[in-house]
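*Asks:* Residues per chain, in single letters:
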Amino acid sequence: MKAATFTKVLTAPVILLAGCTLSYSAGNFNLLDRYIELIVMYIGINLILTLSLNLVNGYMGEFSVGHAGFMAIGAYTSSILTVTVFSLSMGAWIFPLAVIAGGLLSAMAGLIVSIPSFKTRGDYLAIVTLAFNMIVKSIIENVDFLGGPRGYLGIAKLTSLMWVFFFSFMALWVIRNFVYSNYGRGMVSIREDETAALLMGVDTKKVKILTFMLSSFFAGVAGALYAHLLQFISPKSFDIIKSTEILIMVYLGGIGSIAGSVLGATVYTILIELLRPMGIWRMVIMPLVLVLLMIFRPKGITGLREFKWFIPAAEKKL
Amino acid sequence: MSYLVQQLLNMLQLGSLYALIAIGYTMVYGVLSLINFAHGDLFMLGAFLFFIVITLLKLPFIPALIITTALSACMGVLTERLAYRPLRNAPKMSAIITALGVGVFLENFTLALSPYPQHIPETVTNRAWLIGNVTMSSIQAMIIAVSVTLMLILDFIVKKTRFGMAIRAISWDRVSVPLMGIPVNRIISQTFALGAGLGGAAGVMYSSAYPVIDPYMGIMVGWKAFISAVVGGIGNVRGAMLGGYILGTVEIAVTMFLPSTYRDIVAFTLLLILLIFRPHGILGVPRSVKL
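So the protein lines, in turn, are chains G and E. The letter at position 33 of the first sequence is residue 33 when you use our numbering, and the numbering goes up by one with no holes. The letter at position 66 of the second sequence is residue 66 when you use our numbering, and the numbering goes up by one with no holes.
Hints are computed from structural coordinates only; laboratory data are not their basis. No residue lacks a Cβ here, since even glycine has one placed at the ideal position from N, Cα and C. A hint or two may mislead.
[To be verified] Here are a few chain E residues that face chain G, going by a calculated C-beta distance under 8 Å:
hint, residue
1, Val53
2, Gly101
3, Phe105
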């Protein structure tokens, strides 16, 4: 193996290890201000959500508006696992397993939602995902075991800076590699022209299922992290308003771009925090910013362009 | 038997409201192929404008209804001018996101001005008539009568007038319509005015029947009206009316047999099942895509 390839292969694990160590020590030895730490964790969770929605909306060109539904499934699954099934005495290492379990169940839901997308496209798919979000919310409201409309209590605070870093890095890594894989190219070809993609031999069904499942998996992971950070979840936290927020982050940053997702999640979270002293008026200013942005930059800040660092070396030569 | 007739009246009441709002969605979709996500919030704005008109100006119901409808129509034109017209040639997604943004803006702007739910004073003296064993309140009769009249007028406008013909022409083929000398921008503005006016009128009637209004009331009703528009076949005005009544019927029927909290689950599940069998809605026609 040549030295250059060797370093390239090792880059991601080294960053992951270094980042985890750094965030672990920052979280455990109080290197960061508590407030800033919280904001960083929010940015990480929003980053996972934005990246995963960008897969479906930005790269595949479908219009999914029910992302909070997947988040809810991940959040409730992992919370039930950490509260009732496993007890804390079994150790904190159970937490990542619960998070991944939440992601997996959410991916199953993604599989179900992907089926109508074979026949319907565009606005009709928007309705399917919207209805999915509302059905998930209504089911949670009606199941007493999940706390109903009162919400689910007693979740331990297990989300730490390290786990947020770990999962957002994994999301970034996996989604970046997926986008530049064969399936990822198929996904982009569906966005450009589905019929043409089919004629060129892209297995559009398979690509759609995979994309939806990957996207909902990470949404579930983000939901699980969110639940264990806030320690309280209710059906209201996963309604259509939450979905709108994720959509705003995606389109603020830029569609079809990983750099855009990072930028969108970071800018939105920080902007919302900076405007907090304005009270309710910040939620008036935020959509105004969005509308102005859409008028002057219709594809978002970095729409359909990519930061060099996120493009694999083999792609750069093309 | 009388129980059934009673429920039928409730279905008509709810269905009329959904149908009125759904028409706004479907008309805007027809001319712009844009889902106007802010439409439910125009409905909410209608309810609040009605509140202002009857508490500050102390007007009786019918003038208040007319003024509110006119003001809502102006709001519709305003949002179209400021938010959607600059994006006429932009990618479709950015227009949809703008619509979402406008919706969030309207909700929170209203919330900032009126943080607490408002109670609408009674404007129509609520009498109950007993016909056989069926009671019919005057508000219920008013809602059904006004909305059916408005819908008949609209249907006449769309099917018989030159303006309606222009709307149908734009929804059929937006590219060659300007070549025929049809002023596209003006027609689109007028369509927004019509749709938003109907939404505002629905807001007035909704707030007379359920007199507590809050800035978020438009979200759920708006989405349900949107679903009605889709069920009927989006872009089709008669389909939107039909869809509204179907959704109203389903919702009331569910509450007849199940606890009312199951209403949304059943309604949305039925919608999904329907979309599997008729992906373009009941009256919608699938458009072939040229390769």
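*Asks:* Does each hint hold? Answer for all of them.
*Replies:* Against the structure, the hints:
1. Interface hint status for E/Val53: violated, as the beta-carbon distance to the closest one in chain G is roughly 23 Å, over 8 Å.
2. Below 8 Å, beta-carbon pairs count as interface contacts, and E/Gly101 has one with chain G at about 4 Å; its hint therefore holds.
3. Checking E/Phe105 against chain G by beta carbon gives a least distance of about 4 Å; that is within 8 Å, so the hint holds.
In this structure, only the earlier hint numbered 1 is contradicted, and the remaining ones agree with it.
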